[in-house]
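With these hints in hand, go ahead and build the complete structure from the sequences.
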Amino acid sequence: MGCNQSHDSEDANTTQKGAGNQSIDSNKEEVENEQEKVGEVIEEVIEEEYEIPQTGKMNVVTSDNHFEYLLQYGKEHNLTIVADFFDLYCGPCKLIAPYYEQLAPIYNDILFIKVDIDKANETTQKMELDSLPTFAAFENGAELTTVKTRLKMAEEQKLKDFCDLFKSLLFYIIVKIVEIRKRKLTLIVFHLFKRLKYLLSHKKTVLKRKKIEN
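Residues in the sequence shown are numbered consecutively from 0, following numbering that gives the first Met the number 0.
Calculated from the structure, these hints are not laboratory results.
Since this is a predicted model, take the numbers as computed values, not measurements.
One thing to keep in mind: the hints can contain errors.
Label pairs and their calculated CB-CB ranges [what the hints assert, rightly or not]: (1) K166 / Q53: 17 to 23 Å; (2) R180 / L94: 35 to 41 Å; (3) P91 / V146: 27 to 33 Å.
Using N, Cα and C, we set each Cβ at its ideal position, and we do this for glycine too.
Next up, the structure:
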């Protein structure tokens with residue numbers, strides 16, 4: 000009777016091991032299937048987010064990664080980017096939106112993009128936006144404008160003037176003129192200071208001579 004119990008026990012252990020192996024294989028297959036599904040979803044998202052940008056039309060940003068991709072694209076293709084940061088529930092944003100979209104075909108050397116702040120949270124936090132809509136310009140992967148020079152209003156003429164600034168050749172000329180003026184101003188101030196220092200020194204020398212003569 001003892002021998003029979005031993006064989007029964009061995010058979011039971013073998014059955015349990017077989018069931019365990021089947022369970023592991025089943026779990027492995029499930030994991031592999033899930034990984035394939037996740038991979039397919041990721042590929043779909045990448046294809047959706049990384050559509051080739053186009054000048055002459057509006058490019059809508061779908062995520063923070065999409066925004067970074069557009070900056071990189073602009074850098075690689077030597078394009079200035081003008082971005083409209085907006086919110087779906089912002090009244091002024093809605094008012095200016097149709098006019099902003101009309102500008103894209105006019106300024107076809109600029110890449111126009113729209114950034115919904117709810118879809119690009121990290122980007123908007125980095126930008127430290129304090130009002131909407133806000134229009135900013137980017138070049139070579141970085142912002143051209145500053146917090147002070149961004150356009151923060153929904154006026155058509157102001158927006159057109161803003162875009163005029165970033166026409167490739169015109170903007171380059173303006174930047175160079177500003178740089179030259181800054182350099183000239185620095186040189187003028189330097190020479191004035193030097194001249195003033197000389198005059199003060201000369202005046203002291205003259206006063207000393209007069210004292211000696213007296």
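Now for the hints, and whether the structure bears them out:
1. K166 / Q53: 17 to 23 Å: Roughly 18 Å apart at Cβ, these two residues keep to the hinted range, so it holds.
2. R180 / L94: 35 to 41 Å: holds (37 Å)
3. P91 / V146: 27 to 33 Å: The hint (27 to 33 Å, Cβ to Cβ) is violated, given that P91 and V146 are roughly 19 Å apart.
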